[in-house]
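Based on these hints, arrange chain A on the given structure of chain D.
As given, the protein sequences belong to chains D and A, one line each in that order.
Heads up: the first sequence runs through residues 1 to 655, numbered per our numbering.
Heads up: the second sequence runs through residues 1001 to 1655, numbered per our numbering.
Please keep in mind that the hints were generated in silico from the structure rather than gathered at the bench.
Even for Gly, the Cβ is constructed at its ideal location relative to N, Cα and C.
One should not assume that every hint holds.
[Said to hold, decoys possible] Derived DMTMM-like pairs: lysine to aspartate or glutamate, alpha-carbon spacing no greater than 25 Å straight-line:
(1) D:Lys536 with A:Glu1421
(2) A:Lys1536 with D:Glu323
(3) A:Lys1540 with D:Glu323
(4) D:Lys540 with A:Glu1323
(5) D:Lys161 with A:Glu1323
(6) A:Lys1466 with D:Glu474
[What the hints assert, rightly or not] To be clear about the criterion: a stretch of chain D counts as covered by chain A if any three or more of its residues have a C-beta under 8 Å from a C-beta of chain A, and this derived list gives those stretches:
(7) 73–84
(8) 434–446
(9) 492–503
Number of protein chains: 2
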Amino acid sequence: MREISGAIKVGAEAYLGRQYRTISIIAVITTALLAVGIRDPTNAWLGVDTAAGFLLGALCSNLAGYIAMYISVRSNVRTARGAMTSLDRALKIAFRGGIVFGLAVVSMSLLGIATLFLIFNGDPRLIVGFGFGASFAALFAQLGGGIYTKAADMSADLVGKVEAGIPEDDPRNPAVIADLVGDNVGDIAGRGADLFESITGENIGAMLLGIAPAVYVMFGINGLIFPLLARGFGLIGTFVGTLFVYSRKKEDPFTSLTRGLIVCGIICAAGFYFLTVTLLNGDMGFFYASLVGIFAAVFVAWITDFYTSYRRRPTLEIATASESGPAPGIATGLAVGMESTALFIIIIGVAIMLAFGFGNGFISGVHLDLTDPAFQKGLYGTAVATMGMLSVTPMVLAMDGFGPITDNAGGILEMSGIPEEAREISDRLDSVGNTTKALTKGYGVASAALSAFLLFSAFLEVVGLKGVDLARPEVFTGALIGAMLIFLFSSLAIKAVGSTAAVMIIEIRRQFKEIPGIMDGTAKPDYSRCIDISTKAALKNMIAPSLLIVIGPIVVGVILGPEAAGGLLMVGTMVGVLMALFMNNVGAALDNAKKYIEAGHLGGKGSAVHAATVIGDTLGDPLKDTAGPSLHVVVKLLNTITLAVAPLYLLALLH
Amino acid sequence: MREISGAIKVGAEAYLGRQYRTISIIAVITTALLAVGIRDPTNAWLGVDTAAGFLLGALCSNLAGYIAMYISVRSNVRTARGAMTSLDRALKIAFRGGIVFGLAVVSMSLLGIATLFLIFNGDPRLIVGFGFGASFAALFAQLGGGIYTKAADMSADLVGKVEAGIPEDDPRNPAVIADLVGDNVGDIAGRGADLFESITGENIGAMLLGIAPAVYVMFGINGLIFPLLARGFGLIGTFVGTLFVYSRKKEDPFTSLTRGLIVCGIICAAGFYFLTVTLLNGDMGFFYASLVGIFAAVFVAWITDFYTSYRRRPTLEIATASESGPAPGIATGLAVGMESTALFIIIIGVAIMLAFGFGNGFISGVHLDLTDPAFQKGLYGTAVATMGMLSVTPMVLAMDGFGPITDNAGGILEMSGIPEEAREISDRLDSVGNTTKALTKGYGVASAALSAFLLFSAFLEVVGLKGVDLARPEVFTGALIGAMLIFLFSSLAIKAVGSTAAVMIIEIRRQFKEIPGIMDGTAKPDYSRCIDISTKAALKNMIAPSLLIVIGPIVVGVILGPEAAGGLLMVGTMVGVLMALFMNNVGAALDNAKKYIEAGHLGGKGSAVHAATVIGDTLGDPLKDTAGPSLHVVVKLLNTITLAVAPLYLLALLH
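Okay, chain D solo, but in the shape it has when bound (with noise of 0.2 Å):
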């Protein structure tokens, strides 16, 4: 087990030694960039202070994907022999090392937030280059990580399981071990660097529309100080609510699971209480609004477990269509994800108008603009729900960690040949991973829809803009231009990771054929030069979608104005967020309807409808796991893009 482990720990320092090589490479050209480009007449240091913050950004959001992956190839190896004793002893391992790597990354961004509103004096306009330098960084490390570890489980599963016939995770099968260093840079290096952008994004939004006029004169510094700690508060319920999970006897352990993020949610809430008396003269409507915002978290999962558990009806349509063949069941998957986007919507509408009205006491007052108070109160509202939202972040990041941790776990001991017993507890603990997984992708694009809005709303107060008027043809173009943006990224994302399978498909099999003894057991494969060749192939493609992304905005910005520029991101936001929760959705679905038949319904393993369940599954893994998360990143990424480089549009338009 240790050999095994030892193997999965180097591969994935290996690939993050060298994917943040290559950010660092594309960062500092980036810095330069910023530093020399930015300009603003009043303000001569505006470029070096935007790219100072964007380095700091960049470097922080790498730091702790880092740790992250740093704990959880620790904690894998560790849960393994958890395993092997009790359900309780590996449950509190895996998740104490999710524990680890939540708190990392949430407090790593109030350290940098707060050492630079300090170095600042308390401006939030010159943070804006951290948030931009954190996306930045998000974007690749997602992307990148999303690419290798679909790549390497697409190629592991067509060549292994499909051509040679032989089981997942068997130790003959030259991409074993390329696989499982995908969990830990894709899923825990990659999600921690998504939630480490949406946390700081978020701090920095709502700290920007709290130096809005009407909402500085009522609270002052408390309604920038406000943000900061309430995430505090986060981390106090985190560390309470980790005491409450644990297993007791049989207990289902997604019940303790719920348990401690209970806990931690009571907390934030009564943090919320003491927040508000204390700092925000005791308007209770914001205390409302930060309820608000928790209780859409919750919605959001319950929404995300209705469409994606084979429990429900969704995914029982995938199953029971995949019974006429492969493509009715499909195309069911893809219709199932395309329903589940309706509720979401409705709650976060309803969410960010409630916040809204909270935020200003339900003035109704349709000719507001932004230059008016009502408005500003209304806006600081929404930026106290999704402070609501976000309060439980690092919690629900350990619990998202906990997935990668136990599927790792159930991957050593499946190729240390240990007995079925042991696998017992980790195949369970494995499938209560798959549903926090795909929980805390629903809270993730939930968490980017709302700091979106915030971002977008700063936005416009930065370059002056009262609105963003679709019916201007320039407007109406930058519009369609962001979603476009997010169809041609997903493209290439999905593309990405099809042609870095393809160049391991080719190793592999070379593998098979020229390393004799391979299949009987006699000589072991060459794991490392799997590893190597997708890294190096998950690298390069990884590149262009995300300068895309980075160039896209600025481009449109620049030619056709801010206002364009603003249309693009709130659009390009929107569709940004519908496509992720559809790809993210399609994706969980079709995963589970193949372990519905799996689980022995419909004619079960090695049946025609279990065949076709696995082509389906295939299909999803590189949309729910690298298009889709990574288009959280993009949402938000759109959005601190704008914000750091609007001092460009705003010269354009001089001109």
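Below, chain A without anything else, positioned relative to chain D:
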């Protein structure tokens, strides 16, 4: 051959008869609701006028679809007979069948609008109901026809080809006639209704912009007559263009059709020149705007061809990826569909901005809004560009109708056991038909995007908004709901095909089992029962998605106000255009990847790669022929419906 064609005729007439009866019932209820519900303090008769227009619009749309079907079920057998003589003869018969279709659709729209224009004394605001009626009937026709045709196609393939192992269009398959009927009711009557409402909506939108103060001051009533006369030139161009469609010796039929289209385009351009000089004070900007529209149509056709033809990179990528299995092939197909939106969106954006600029002489003024004369003139420029693009509609429709007619002819020949040579000619025409069908869809989406921009501006004009500001929470929510409606509608449409096909599959299997002698040809299957069953199921399944699109915007507008309805409209339109493109092109590319394999590449028919592409093709069917084309209609229906019920929103605003 007469017998088979007779069976198709009876089936198509029976389906359309029942479909129109269903639509009539819903339309009459809607008419009553409109007459009672729409109130305007300044015009007591507005509700009744709108309702009357609505009913006439729905009627004309259905009539146009019926004429188209009437001609096509009579041309198919003649084309089949012609194919036994010569290519030229078959081409001419099929194309002239298509021409009747094109002319019927366009002149029916022109007749309806011109009549109402005279009755309502030149006030285009009262003609809005006609446009709503046209869109309303079109949605049911396109969706119902689309469900029918794909359910028949999928079930015939799944049971006939896959389970029973008999070839396509084999007379032993009980669903074969239903499949051929589907071409007529889905592709012919459905697409006819789609473009009927496109040109109707565009005409009405252009007339509404013609009464904008700045435009009316310049051109008076001429600005309203211009769109009608432009349409007339399109008819003349089509008459002349038809004369150029013939096939000398071995000429590619596609070349013949393109020649006809070019001639038609040149005559239309000349017509715009003439009309600009005589009606628009010789302001050449508007002539250039019309050319922008015509060229945009050409580019869009080129892009569609590039992304879906198997001589090009994208479709070949799918074929290559399918070598690793169906999942990588389909994933690449989805990626190609997403990628195909990029160039298209850029062309549409550039066209709108150029036309706007030509309209107002490129006055640079970022602070214009709808009340500014320069803005109104710019909008009229985009209206003229839309007219330009839509001027060649009758010719495009003829090319579109050509497809299903030759497809039917091929089926008739196959079923009649006619010798190979004749089938060679019909196969050649059929493959050209596939190309023209794909091109018309691209053209349909492009015209939907342009006319939606037009109708959106008209909507703002009517409800008296200066713009739609996405920074307001209720507008943001409305916009999110608009995007979501598109996803939900697509989901329902795809599922409707699945559940209709499921009913059919059971019936086909039953016949194979219970009617002895079907397989050896001694007994005939019960074709009419299959037709009957899929008719009922298609009509039942078309209602929910259609009502969603009708009721959604009304509810949002009444609850959240006209600006939120505007947000829904605009973002719904953008997402609708993108999703339509995505689904159309995914389907066409997957279809052609299969054709590429069938042409003998990468293993050819019967290989594993072929099986993989067959799965992709089946998956693509409901996307490209049901959900995608229905979205063209949805995009315009969203616009005409909000226009028609605008007084309701204004009333809600007063409360």
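Hint-by-hint comparison with the structure:
| no. | hint | verdict |
| --- | --- | --- |
| 1 | D:Lys536 with A:Glu1421 | violated (54 Å) |
| 2 | A:Lys1536 with D:Glu323 | holds (23 Å) |
| 3 | A:Lys1540 with D:Glu323 | holds (23 Å) |
| 4 | D:Lys540 with A:Glu1323 | holds (23 Å) |
| 5 | D:Lys161 with A:Glu1323 | holds (16 Å) |
| 6 | A:Lys1466 with D:Glu474 | holds (16 Å) |
| 7 | 73–84 | violated (count 0) |
| 8 | 434–446 | violated (count 0) |
| 9 | 492–503 | holds (count 7) |
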